[in-house]
Amino acid sequence: MRSAHNRTTEEWIWLVVLWVSACGVLFFLMAPILAIIPLSFNEGQFLTYPLSGFSLRWYEDFFTDESWIRALKNSVIIGVASTLLATVLGTLASLGLIKATFRGKGFLMALLLSPMIVPLVITAVGFYLFFAPYGLTASYTGLILAHTALASPFVVIAVSATLQGFDMNLARAAAGLGADPVTVFRRVMLPLIAPGVASGALFAFATSFDEVVVVLLVAGPEQRTLPREMFSGIRENISPTITAVATILIVFSTLLLVSLEVLRRRNERMRGIRG
Amino acid sequence: MDDGLSLKVKLRRAERMRQWRAFGLIAPMLLFLVVIFVVPIADMLRRSVHDVDLSEVWPRTTQAIGAWTDRTQAPDEPIFAALAQDIRDSQANRTLATAARRLNYDFSGSRSLIFGTARALPEDAPSWKAAVLEANDTWASPEIWAAIDRASGPITAFFLLQALDLERDPMGNLRAAPEDESIYLDVLARTFGVSLSVTLLCLALGFPVAYLLATLPPSKANPLMILVLLPFWTSLLVRTAAWIVLLQDQGLVNGALQWMGIIEHPIRLIFNRAGVLIAMTHVLLPFMILPLYSVMKGIPPVYMRAARSLGAPPTVAFLRIYLPQTLPGIAAGTLLTFIIALGYYITPALIGGAADQMVSYFIAFYTSDTVNWGMASALGTVLLTATLILYTIYNRLIGADQVKLG
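So the sequences go chain by chain: A and B.
For what it's worth, my numbering labels the leading residue of the first sequence as 1, then goes sequentially.
For what it's worth, my numbering labels the leading residue of the second sequence as 1, then goes sequentially.
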């Protein structure tokens, strides 16, 4: 960076333009999130400012409404189950991919990551038509399988990134000292790549927890998840309860972001050990 | 020499074992995705050309129609007899609606034609052709017979052609579909247009943010980065709901514009194109900022300094030296944003009006609302083809595993 006293007028103008436009865009990014939170504590029915008084009634609404609670439960059940499956599948695949040098590896990688890229509606229609004959539509199993497919690429990305920084000599040293492959993985590799696996699992959970297109097409009334319930809520008539749910979800994503940041720092520290 | 060779062989064998083991680790996920993801999508693609609805319920007619050669007029007695038999049978086992639905995709009015004919058909007739024509003289037109022929399967281009607003005339020549049925090219153009606008908006808005984040020292950049990542991690439904609240007639945006005196009365910002563009840009902006940021982060500042010290004015130095180095990031960000935008469904469905729905909406609509799976699959094929072409380009240029998630 050039020190400030060297800047010409032209540079100053550009600097001001840069800061003003960047801060404007950052405001644009945060505004909707910040605007919806106060409304959830509003006493009145209407989703407009100024607020008419403080109240927790919309939170009470959420926690006492049977369909919202069932939706929350469904989201957690489906999210946890598909996260477990996706984390196992994705971590194994990443371990294989880092060792693989065979031809077609690039294609394989593209295939494994394709659920991230293929439009959700196509994936959803595929599931819908394919699951129907096996009675998997309107079932938890169907949704868990579908969400596992959507979430596992995110695990591959997160774990692969960590493995790229992993010193394979550590595994070789352990093997050379007589550890069998399972022990090498459990005692040497897993502790070192654990932050990557954990952030992969968080990505996977977030993917399932926020997914609504597949749920729209494949789930029955029994499997309605939180985003699905929000979708109907928004489509019909936004009630203030939606703003309470939204605020809860914003708190949730903040926690998610903080955990990921902690994991990233941990991962960097771990890499620091070998450096 | 002998030892050397055997060592070589051993090495190769060991390496092969290693590769098999590596593949073994990938196999579970690969197998899972093939069964749960690839096969269903392949099956969906098959449905866009696979058409057995009619031949399953009207086996005789769809068989016999092959003998219809003079396509300028209705066919002869045997085909009419087959039709009469099929109508009686499918009336008896309640499959008439399936036939009517399939033919209605192609020939509007088929539903009432078929049900009316079924009601009016006599028990027995000396000439079925006369009896059928007596029941409804629409059967004299070659158009309905051509529709039956097109629907007799098992392979058809009908749905794919329809997805591109094309159809075949009774003689089998391609022609543009009638005006009132030509909606899909519009939908595809709209999908493309909205995606392109959103991508360009994201680039214009994302560039300064990425630049600022990449050039600030980490102690200042990190807190600002949170402002990009928090919206990125916030549920799509939450962000969509928030935009509806903000953009409604009594919302904060209209309030602010009125307060500043820019407008006198609230302007309509939701259930139209403006709302879709605003909300989609908001949702997709992080997908532009993050790849741009990671490329800009890797650009050494020395080039800019060199250009400046050699006398280039800042604007020239930026355009000639800095901007070209950000091209990989621009390519990655625009491709990624565009690919994701193409398949967007939820945001336009909730914030857009009827004229803002993109191709995904129609795919979902045909799947669950009208159960026209052929049409859903055909539109899906078009969307998937476009996505896969772009994904391949992305893969070649950037590499699939470089998708940045924060």
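Hint data in this document are derived by calculation from the structure and do not stem from the laboratory.
Watch out, some of these pointers could steer you wrong.
[Stated by the list, open to error] Pair by pair, the computed Cβ-Cβ distance ranges are:
#1 Glu15/B - Met30/A: 51 to 61 Å
#2 Ile299/B - Tyr134/A: 36 to 46 Å
#3 Leu84/A - Thr385/B: 26 to 36 Å
#4 Ala274/B - Gly135/A: 35 to 45 Å
#5 Ala194/A - Pro218/B: 56 to 66 Å
#6 Leu170/A - Leu185/B: 29 to 39 Å
#7 Glu15/B - Leu170/A: 18 to 28 Å
#8 Met30/A - Ser112/B: 48 to 58 Å
#9 Ile98/A - Val371/B: 27 to 37 Å
#10 Tyr140/A - Phe192/B: 50 to 60 Å
For glycine and all other residues, C-beta sits at the position ideal for the given N, C-alpha and C.
Results for each hint:
Under the hint 51 to 61 Å, the C-beta atoms of Glu15/B and Met30/A, about 52 Å apart, fit the expected range. Checked against the given bound of 36 to 46 Å, the beta carbons of Ile299/B and Tyr134/A, roughly 52 Å apart, lie outside it. For Leu84/A and Thr385/B, the hinted distance range of 26 to 36 Å is satisfied, since their beta carbons lie about 34 Å from each other. The hinted range of 35 to 45 Å is satisfied by Ala274/B and Gly135/A, whose Cβ atoms lie roughly 44 Å apart.
Hint check: Ala194/A to Pro218/B, Cβ distance near 25 Å, so the stated range 56 to 66 Å is violated. The hinted window of 29 to 39 Å between Leu170/A and Leu185/B is violated, with their beta carbons roughly 58 Å apart. Evaluation of the 18 to 28 Å hint for Glu15/B and Leu170/A yields a pass: the beta carbon distance comes to about 21 Å. A hinted range of 48 to 58 Å for the beta carbons of Met30/A and Ser112/B is consistent with their spacing of about 57 Å.
Hint check: Ile98/A to Val371/B, Cβ distance near 45 Å, so the stated range 27 to 37 Å is violated. Take Tyr140/A and Phe192/B: their Cβ atoms lie about 37 Å apart, and the range 50 to 60 Å is violated.
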